[in-house]
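Following the hints, complete the assembly by docking chain C onto the known chain X.
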Amino acid sequence: MNRPGVTVIDYGIGNLLSVRRAFEHCGAEVLLTTSPSDVDKADSLVLPGVGAFSNGMAGLSAGGFLEPIRKYSRTGRPFLGICLGMQMMLEASEEFGVHEGLGLIPGNVVSIPPAGADGKPHKIPYIGWNDLLPPTQETDWKGTILAGIPPGTAVYFVHSFAAAPSSPEHRLADCDYDGRVISAAVRRGNLYGCQFHPEKSGEAGLRIIKNFLAVL
Amino acid sequence: MGTLRLIARLDIKGPNLIKGIRLEGLRKLGDPNRFAKKYYEQGIDEIIYMDIVASLYERSNLVNIVRKTTQDVFIPITVGGGIRSVEDAKEILRAGADKLAVNTASIKRPELIREISEKFGSQCMVLSIEAKRTGERKWEAYCDNGREKTGIDAIEWAREGCRLGAGEILLTSVDREGTRKGFDCELVREVSTRVPIPVIASGGMGNYSDFAEVVASGHADAVAVASVFHYGEITVMDLRREAITRGIKVRNVEA
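Just so you know, the protein sequences line up as chains X and C, in that order. Going by the working numbering, the first residue of the first sequence is number 25, and it counts up by one from there. Going by the working numbering, the first residue of the second sequence is number 5, and it counts up by one from there.
So that you can see chain X by itself, here it is in the shape it has in the complex:
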């Protein structure tokens, strides 16, 4: 049996080594690419990223990736955005001015409220482990990248901004930051986004990566 092929977009942002290592550990054949023509050929596509939204979009644009990614997203093949990669799936961000995103999922990227629901300020960037929670009672993770993950499983986050999908049906998992609801994972068909880092979330993260590969 062939190993599942994963194409990881290298657009000059962030450290792709841990993403590669984790996917390889889970049995994938990983191609890191700086070439937009590889996107069309991909069996599955991963868009990682850390840092500022505008830098990320500028990197994708400079690399010629914007249209190939949008086109790929309409094929129904699996896509995973990680951290900034998830945020860029939305329509726009308010991080240091308003910036257009990939527009794969309706909604915007907004700053994490600087204080909890009790009014006490909390530290930003938010760095640490938090529990994945189903956004509604109807949410079912079966058949998604969170299949078999018990609600309440902790994964690793580091961010100052967060996606706010406008349609509840696209929310796959949420987190509770001192009483504030933060979108932890999104889904629209085979398009997935994780605000957390599955490649840095221990065994739970590896399970999520294996689930993503199982879709292939």
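These aren't lab readings, by the way, just hints derived from the structure by calculation. Just so we're clear, the structure is a prediction, and the values are computed from it rather than from any experiment. Glycine included, each C-beta is placed from N, C-alpha and C at the ideal position. Where hints are given, some of them may not hold.
For each label pair, taking beta carbons as the anchor points, the in silico distance ranges come out as [to be verified]:
#, chain 1, residue 1, chain 2, residue 2, range
1, C, P114, X, T160, 45 to 51 angstroms
2, C, R198, X, D142, 20 to 26 angstroms
3, C, R167, X, S135, 16 to 22 angstroms
Over the 10 angstroms line for every Cβ pair with chain C, so calculated as not near, a few chain X residues [claimed, not checked]:
#, residue
4, R98
5, P130
6, V134
7, T163
8, N214
9, G229
Using the frame of chain X, we list chain C on its own:
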């Protein structure tokens, strides 16, 4: 506050894990990769590698250790020691590190903080401060692994580092490091309540009360533990269980 992070701190000299007292009198403890793997399996939240010699000559050891660890340890790894430029930073990141801890070079040239955070993101830029008490609620920042005075006020330096783009502060008490006499909670509180970014308390953990105190009165966002882990007196599971018993919110590993 969010979930308190439990971090294992591994000081490295050449190919070895070492441990000293007040950053001196170093003892070799063995292969750092073996310790890192063990802590990962026990459910540690993050790992810090600090190369305490950090000469250019020794650099290949550190890079090899990081490269080996990141093959089977899938949690955030911070690496510090001898990072003097964006190029050095890049080399360490290429080996698999997620975050860089910078002290000495940023004291000599504070712009390095801005350069690293602009290039790799502020989440990558951990300002490492080694603070030595000089008087009533006064601390001086030291460099070269606690050996050199700088004349810089540690609290002011923390605030300045923040303005320059640091995403996190690793705060080591030179007076308490390796002593197991408890954290310098006053130092941790002074920094943690004055900066908007997370602060990792390091140096002095001897028992559970020390841990609880630095969280409650020091307002630490994360706690770095070395000696008591390395010598096997407290395991990661012990510490997590104790935290839960004391009502401290930590990562849920049982779900």
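These are the hints, each one checked on the structure:
1. P114(C) x T160(X): 45 to 51 angstroms: Given a distance of about 48 angstroms, which is inside 45 to 51 angstroms, the answer is holds.
2. R198(C) x D142(X): 20 to 26 angstroms: Holds, since R198(C) and D142(X) (Cβ atoms, about 21 angstroms apart) stay within the stated range.
3. R167(C) x S135(X): 16 to 22 angstroms: 19 angstroms, holds
4. R98: With a cut-off of 10 angstroms, R98(X) remains clear of chain C, as the shortest Cβ separation is near 30 angstroms.
5. P130: 26 angstroms, holds
6. V134: 18 angstroms, holds
7. T163: 16 angstroms, holds
8. N214: The claim holds: N214(X) sits with its nearest Cβ about 24 angstroms from chain C, beyond 10 angstroms.
9. G229: 6 angstroms, violated
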